[in-house]
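*Asks:* Read off the chains here:
There are 2 protein chains.
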Amino acid sequence: MTQPHSFFPIREEGGAVLILDQTELPHRRVERELADLEAAAHAIRSMQVRGAPLIGATAAWGLALAMARDPSDSGLNSALALLGGTRPTAVNLRWALERLKAVLLPLSPSSRAEAARSEARKVCLEDEAANRAIGQHGLKFITDIAGGKAGAVRVMTHCNAGALATVAWGTALAPVYAAKQAGVPVHVWVSETRPRNQGLLTAWEMREAGIPHTYMADNAAAHLIGHGQVDLVIVGADRIAANGDVANKVGTCLKALACREWGVPFHVAAPSSTLDWHCPNGAGIPIEERSGDEVRRVAGAEGAVTIIPEDSPVANPAFDVTPARMVTAIITERGAVAPDRLSDLYPERKP
Amino acid sequence: MTQPHSFFPIREEGGAVLILDQTELPHRRVERELADLEAAAHAIRSMQVRGAPLIGATAAWGLALAMARDPSDSGLNSALALLGGTRPTAVNLRWALERLKAVLLPLSPSSRAEAARSEARKVCLEDEAANRAIGQHGLKFITDIAGGKAGAVRVMTHCNAGALATVAWGTALAPVYAAKQAGVPVHVWVSETRPRNQGLLTAWEMREAGIPHTYMADNAAAHLIGHGQVDLVIVGADRIAANGDVANKVGTCLKALACREWGVPFHVAAPSSTLDWHCPNGAGIPIEERSGDEVRRVAGAEGAVTIIPEDSPVANPAFDVTPARMVTAIITERGAVAPDRLSDLYPERKP
Chain A
52 MTQPHSFFPI
62 REEGGAVLIL
72 DQTELPHRRV
82 ERELADLEAA
92 AHAIRSMQVR
102 GAPLIGATAA
112 WGLALAMARD
122 PSDSGLNSAL
132 ALLGGTRPTA
142 VNLRWALERL
152 KAVLLPLSPS
162 SRAEAARSEA
172 RKVCLEDEAA
182 NRAIGQHGLK
192 FITDIAGGKA
202 GAVRVMTHCN
212 AGALATVAWG
222 TALAPVYAAK
232 QAGVPVHVWV
242 SETRPRNQGL
252 LTAWEMREAG
262 IPHTYMADNA
272 AAHLIGHGQV
282 DLVIVGADRI
292 AANGDVANKV
302 GTCLKALACR
312 EWGVPFHVAA
322 PSSTLDWHCP
332 NGAGIPIEER
342 SGDEVRRVAG
352 AEGAVTIIPE
362 DSPVANPAFD
372 VTPARMVTAI
382 ITERGAVAPD
392 RLSDLYPERK
402 P
Chain B
52 MTQPHSFFPI
62 REEGGAVLIL
72 DQTELPHRRV
82 ERELADLEAA
92 AHAIRSMQVR
102 GAPLIGATAA
112 WGLALAMARD
122 PSDSGLNSAL
132 ALLGGTRPTA
142 VNLRWALERL
152 KAVLLPLSPS
162 SRAEAARSEA
172 RKVCLEDEAA
182 NRAIGQHGLK
192 FITDIAGGKA
202 GAVRVMTHCN
212 AGALATVAWG
222 TALAPVYAAK
232 QAGVPVHVWV
242 SETRPRNQGL
252 LTAWEMREAG
262 IPHTYMADNA
272 AAHLIGHGQV
282 DLVIVGADRI
292 AANGDVANKV
302 GTCLKALACR
312 EWGVPFHVAA
322 PSSTLDWHCP
332 NGAGIPIEER
342 SGDEVRRVAG
352 AEGAVTIIPE
362 DSPVANPAFD
372 VTPARMVTAI
382 ITERGAVAPD
392 RLSDLYPERK
402 P
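Quick mapping for you: the protein sequence lines, in order, are chains A and B. With our numbering, letter number 42 in the first sequence gets 93, and the count goes up by one each step, no holes. With our numbering, letter number 308 in the second sequence gets 359, and the count goes up by one each step, no holes.
It cannot be assumed that every hint is accurate.
All copies of an identical chain are treated as equivalent in the list; a pair is satisfied when it fits inside any one copy or across any two copies.
Claimed, not checked - Once the Cα atoms are required to be at most 25 Å apart in a straight line, the calculated SDA-like pairs of lysine to any residue come out as:
#1 K200 <-> E82
#2 K191 <-> G261
#3 K152 <-> A350
#4 K200 <-> P364
#5 K200 <-> V365
#6 K231 <-> E170
If you are wondering where the hints come from, they were derived from the structure by calculation, not from laboratory data.
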C-alpha cells in the first residue's frame, strides 16, 4: 500500500539525510540536511523532528553520521552519549541507540559507517511497516463504530501522532489514514496541544490528505466528549510501561479522564519500540521539564509574540502519564489488547 | 477591610462610568468610558469586561446609561433586549437586568434614570460585599490545609475569577486575597485558559498583589494534580444550576475530573447572583459558541499573530458544565456547602 501522505519527515537522498523542519510548519515547508551528528542532536533537542518513533529514527541516522566521521570506540560512545541526552521521555531514542550499539560495537571501526547507515535504513523501514500494521489493527475500531451509526466516525486525537511523528503513516493517525483509504468516512478533532501547538501539525496533515477535521482548544475536550461529539480517542505514546501506563504529550491524561467518565473508548497506538519492558509502571518514566519560553511565546504566521510577561514564572512539564486503568486498548503492530494483556502480545518477554 | 487590589474593573467617576479594558491587559492598562448603552453592550460582547459578576454589574450600568437617554417603556425594553442578547451563559447578566427591570418598570419615566443609577451602584456594592464574604468562607479551606503542612498552600485556578471578573475581590481568588491579608502563605497555579488566555489576567492580578504564582499550560493540570503539586482547586462559575451543576470557562471540567481522580478538593466560588434556581441541572445551561478567530489568532505584547491557517475549521465552545458529583463544595456569600446541599443555604427557595 502506498504512503498516504506526500511528504517525508526524514529521508535519504544521494547520501544526504534530510528532515522536514517541523518548527517551520504549518506556515513554511522547509527541508534541512542533517550534515553531522551535532545537527541530528540539535534537530531532536529543538524539536525540528519530534514524535517518539521519529526521534528514534533520527537518532539512528545521527549515529550513522557520527560513524562516517569517527568510527572509533570513543567516537561511538560519545555519539551515543550526545544523542542519548537530547530528550529523556521517548524510549524509542534509547531503543534505537541500543539497537545500533549492539550492531556496531562488535564490528571493526572501518565497517561501522556502512553498517550504521544500513541499520538506520532498517529502523526506518520497520517503523513504516509497524505503523502500517497499526493502521490496519486500529481501523477495526473505526469500522466497528462506522457500522453502527450514520455519518463520519469522529476521532479525537492529541498532539501529533501522525506521519510527522514517525517515518511514515503515523501511529494514532495511521488508522485514520487507513480509514480514508478504505473509504470509511472519518472526521478528526484536532486538539491544539499547548504549549507547542502540535495540533497544527495534525491539522496540516489532515489538510494535505483531504481528511475532514476541526481544530479545538485543548480545554474543549470534556465538553465535546461529554456531549456525544466524539466516537473514540486515539493518541500516540512516548513510552509505555510494562503495566500499560502510558507517557504521552502533556494533556493526554485529561482526555483519558473525560473518556472514562463518559464511556468513550480511549486507545493508544504505538510501535513495539515505544514499549519499555524495563519500566514496571508509569512512576518510573522520566517526565521532561522544558523551557518556560515554550509557554511564554507563541509562534504564528507573522512571527512569534510574547504572551506572558517575564515576571511570572512558568512551569512546563512536556508529558504526563495516563494510568493503564484509563486506557481501553493499546494498538501495536502485533494487534490491539487491553493494557493489562500487553504481555500476551509479546510472549518472548514473559519470565 | 480595604480592597486587596489597586485597580477597579468598573467604577463611577464624576458621573462617568469607567471600565478597565481587559482586552488590553496584561500588556497595557487602559481605562475606557462607557459613554452609552451601546458601549456597555459592546464591552460585554467583546469581552472588554468579562467574568459573570462583572458582566452583571456592567449590564446594570448599561441600563442606567440607557435610561439617561430614553427612559420610556420602549427605551427600557429595547435596552433590556440589547443587553440581554450580549452573552448567553453567565446568568448574572439576566439576574441584573431582571433586578433593574423590577425596580424601573413601576416608576414614571422621569425618575428612571436616577433610580437605575442608584440600583447599579447597589449591584456593585453588593457584589463587593458578597465576594468579601466568599473570601472569608473560602479562607477556611486554605487555613485548614495550611495547618497540616509546611510551606505555601498551593491553589490551582482556571480562567480568571479574580477581582477583574467582579466589581472587587473576585470569587475564586477572594480566598487567596483573604489568605494573603491573613498572612497564610499561598501559591497560585495559573492555568493559561486557552483560547482567550485569561490566565494572563490572573497572573497580572497576582503580580499586582505580590502573591507567588506559576503559569502553566492548561494541559499540565493532570500531571500537577496527580503528582501532589496542588492542595486544592478553586474556580468561579458563570451559572450554577439548582442541582449544583456548574457552568464555567471551558476546561474547568477537565480539572474537576483530575481532582476527583486524585482526591484533591475542587471548590466553586460564586455569589448568589450566579445561582439559577430555574435551571434544574446543567443540561439546561446554554453554552456559548464563540468565533473560531479566538482560537485562530493569539495576542501578545507585540500584537496578534495567526496560528491556524484559514482552511482548517475551528470549534470554540466557551464554557463547559462540571457535574455536581465532581464538586467538593460551592462557596457563596452565605457559606460553603456540598453541591447537593445548596438549597440548605437558600431556605427561601425551597418549595
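*Asks:* Each hint needs a verdict: does it hold in this structure or not?
*Replies:* Hints versus structure:
Neither within a single protomer nor between protomers do K200 and E82 lie at most 25 Å apart by alpha-carbon distance, with minima of 42 Å and 53 Å respectively. Taking CA atoms no more than 25 Å apart as the test, K191 paired with G261 passes inside one copy only; the shortest distance there is 21 Å, against 55 Å between copies. With identical chains, the CA atoms of K152 and A350 are never at most 25 Å apart, being 38 Å at best within one copy and 47 Å at best between copies. For the identical chains of this complex, K200 and P364 are inter-copy neighbours only, at 23 Å across copies versus 48 Å inside a copy, given an alpha-carbon limit of 25 Å.
Proximity of K200 and V365 under a CA criterion of 25 Å is satisfied inter-copy only: 24 Å between copies versus 44 Å inside one chain copy. In this assembly of identical chains, the alpha carbons of K231 and E170 never lie at most 25 Å apart, being 32 Å within a copy and 60 Å across copies at closest.
When held up to the earlier numbered hints, the structure conflicts with 1, 3, 6 and fits the remainder.
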